[in-house]
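Enquirer: Top line first, the protein sequences correspond to chains A and B.
Numbering (the working numbering) for the first sequence: 1 to 218.
Numbering (the working numbering) for the second sequence: 1 to 218.
Derived from the structure by calculation, the hints contain no laboratory data.
Hints are not guaranteed to be accurate.
Ranges between beta-carbon positions, derived for each pair [claimed, not checked]: (1) 38/A x 9/B: 28 to 36 Å; (2) 81/A x 123/B: 39 to 47 Å; (3) 73/A x 143/B: 18 to 26 Å; (4) 70/B x 213/A: 51 to 59 Å; (5) 118/A x 143/B: 41 to 49 Å; (6) 70/B x 94/A: 34 to 42 Å.
The structure displayed is predicted, hence computed values, not measured ones.
Every residue, glycine too, gets a C-beta built ideally from N, C-alpha and C.
What follows is the residue order along each chain.
Protein chains: 2
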Amino acid sequence: MVNSEAETPRARYRAQVRTEIKQRAWEQIASAGASALSLNAIAKQMGMSGPALYRYFGGRDELITELVRDAYRSLADTFRAAAEGGADVTALAHALRGWALRDPQRYFLIYGTPVPGYQAPDDTTAISSEIMATLLDACAALPLDGPATPFDAHLEDHRNWADGHPAPPAALHRALTFWTRLHGVLSLELAGHFTGMGIDPAQLFAAELDDLTGTPAS
Amino acid sequence: MVNSEAETPRARYRAQVRTEIKQRAWEQIASAGASALSLNAIAKQMGMSGPALYRYFGGRDELITELVRDAYRSLADTFRAAAEGGADVTALAHALRGWALRDPQRYFLIYGTPVPGYQAPDDTTAISSEIMATLLDACAALPLDGPATPFDAHLEDHRNWADGHPAPPAALHRALTFWTRLHGVLSLELAGHFTGMGIDPAQLFAAELDDLTGTPAS
DNA sequence: TAACTTCAGTGATAGCCTCTAACTATGGTG
DNA sequence: CACCATAGTTAGAGGCTATCACTGAAGTTA
Numbered sequence: 001m002v003n004s005e006a007e008t009p010r011a012r013y014r015a016q017v018r019t020e021i022k023q024r025a026w027e028q029i030a031s032a033g034a035s036a037l038s039l040n041a042i043a044k045q046m047g048m049s050g051p052a053l054y055r056y057f058g059g060r061d062e063l064i065t066e067l068v069r070d071a072y073r074s075l076a077d078t079f080r081a082a083a084e085g086g087a088d089v090t091a092l093a094h095a096l097r098g099w100a101l102r103d104p105q106r107y108f109l110i111y112g113t114p115v116p117g118y119q120a121p122d123d124t125t126a127i128s129s130e131i132m133a134t135l136l137d138a139c140a141a142l143p144l145d146g147p148a149t150p151f152d153a154h155l156e157d158h159r160n161w162a163d164g165h166p167a168p169p170a171a172l173h174r175a176l177t178f179w180t181r182l183h184g185v186l187s188l189e190l191a192g193h194f195t196g197m198g199i200d201p202a203q204l205f206a207a208e209l210d211d212l213t214g215t216p217a218s
Numbered sequence: 001m002v003n004s005e006a007e008t009p010r011a012r013y014r015a016q017v018r019t020e021i022k023q024r025a026w027e028q029i030a031s032a033g034a035s036a037l038s039l040n041a042i043a044k045q046m047g048m049s050g051p052a053l054y055r056y057f058g059g060r061d062e063l064i065t066e067l068v069r070d071a072y073r074s075l076a077d078t079f080r081a082a083a084e085g086g087a088d089v090t091a092l093a094h095a096l097r098g099w100a101l102r103d104p105q106r107y108f109l110i111y112g113t114p115v116p117g118y119q120a121p122d123d124t125t126a127i128s129s130e131i132m133a134t135l136l137d138a139c140a141a142l143p144l145d146g147p148a149t150p151f152d153a154h155l156e157d158h159r160n161w162a163d164g165h166p167a168p169p170a171a172l173h174r175a176l177t178f179w180t181r182l183h184g185v186l187s188l189e190l191a192g193h194f195t196g197m198g199i200d201p202a203q204l205f206a207a208e209l210d211d212l213t214g215t216p217a218s
């Protein structure tokens, strides 16, 4: 049992199978939603019998939890990459929309209908606040106009979620509305609520974004 | 077979059982989400064996479709009642939030994660546009400030979803942002994304509403 | 090299679920 | 009273999650 450093072939094989399982799971989720995810079907696709998967994941819930984790990680990485490329809030918003459109069900896995009993693992909240941090950075770089609102005062007293970020309350408020408004448009778009209406979701998204950044309506 | 007018006792019994089934279904959905709805469990609760329910509903999907219809109907009625009581957009917004908080899973049944294959029945779009119509009425009554945006121009050309409502494009825009922004805050609140943050969702909702109605930040 | 240990994968099984099919029983109708 | 539509039953096919005991192969150690 030398372990440490040079990973054994066993471990490598194990990791490979795990990632293949997750990949198949993502395909199933993308095509039929998370509720239709079937361990049995995945096993059959991989040419092995159902119970074999329990060597790799404790069960269906544990697999889904892992996928949720990966989804959060993916979004956080997308945001960080954009921010390191010098993205402002507008670019961040488009990065978000692109990420969501690339796999709607992945977006819904994070921000969609919650299962009443289910509790997301602790580390996802850490990733979530990492996402919030890059958003806060971008919002703090924005010129802040307008008078302070009552909600800004509320945020002054409840800024623990910002995890020590030095942004002023108005910036926190800006970040929150960014999140909620873009999620509002995006989730309705992904759910197909605009398709029957003839509206172009991209333009509505852009309009909300313009309003958010204070872009003069040209 | 006299039928017509005086409903037969058979039909009355049938209707009663149907509503009891739906009621139990709502209880299940409220406590464990729509994905956990089980015809078998409902039948067992009602003291009869599983397949008996197929006399009343074609299957699980048909039952859920009926519940979706009822949810739309309930929201439309709530809106209409508020509007007939002279509610402005602010009151309408609070009616929406109250309705959503009363049964979050019912809200998600309409506005939550969509099942990729599933298509809502035609009549729900009719109810949906009824909801939109009362929202448009309220928005048209609002004073419209601000210059016309590019998105307003887009709406000028794509106003078929307004179903002939005479409101100007700016009012249509207002109604849309009402919908998307309130949904943004509300869905994140119902999904519990604010609980770990210490933020009061009601105040965030109110802040968004103030911004929407142009209420001066006092 | 031989003995031992670890672990991937198997089939059997229990207990859910949806949904179909054939059958029984009952209550309204002519 | 005879008839028939219909509510409800059991049996069963086929799907799912999950546990268990077992096999066999691959690594490890003496």
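Enquirer: Run every hint past the structure and note whether it holds.
Expert: Status of the hints after comparison with the structure:
Take residue 38/A and residue 9/B: their Cβ atoms lie about 45 Å apart, and the range 28 to 36 Å is violated. Evaluation of the 39 to 47 Å hint for residue 81/A and residue 123/B yields a pass: the beta carbon distance comes to about 45 Å. Between residue 73/A and residue 143/B the Cβ separation comes to about 47 Å, which falls outside the hinted range of 18 to 26 Å. At roughly 41 Å, the beta carbons of residue 70/B and residue 213/A sit outside the given window of 51 to 59 Å.
Under the hint 41 to 49 Å, the C-beta atoms of residue 118/A and residue 143/B, about 45 Å apart, fit the expected range. Separated by about 38 Å at the C-beta atoms, residue 70/B and residue 94/A satisfy the suggested range of 34 to 42 Å.
The structure is inconsistent with the numbered hints 1, 3, 4, although it conforms to all the rest.
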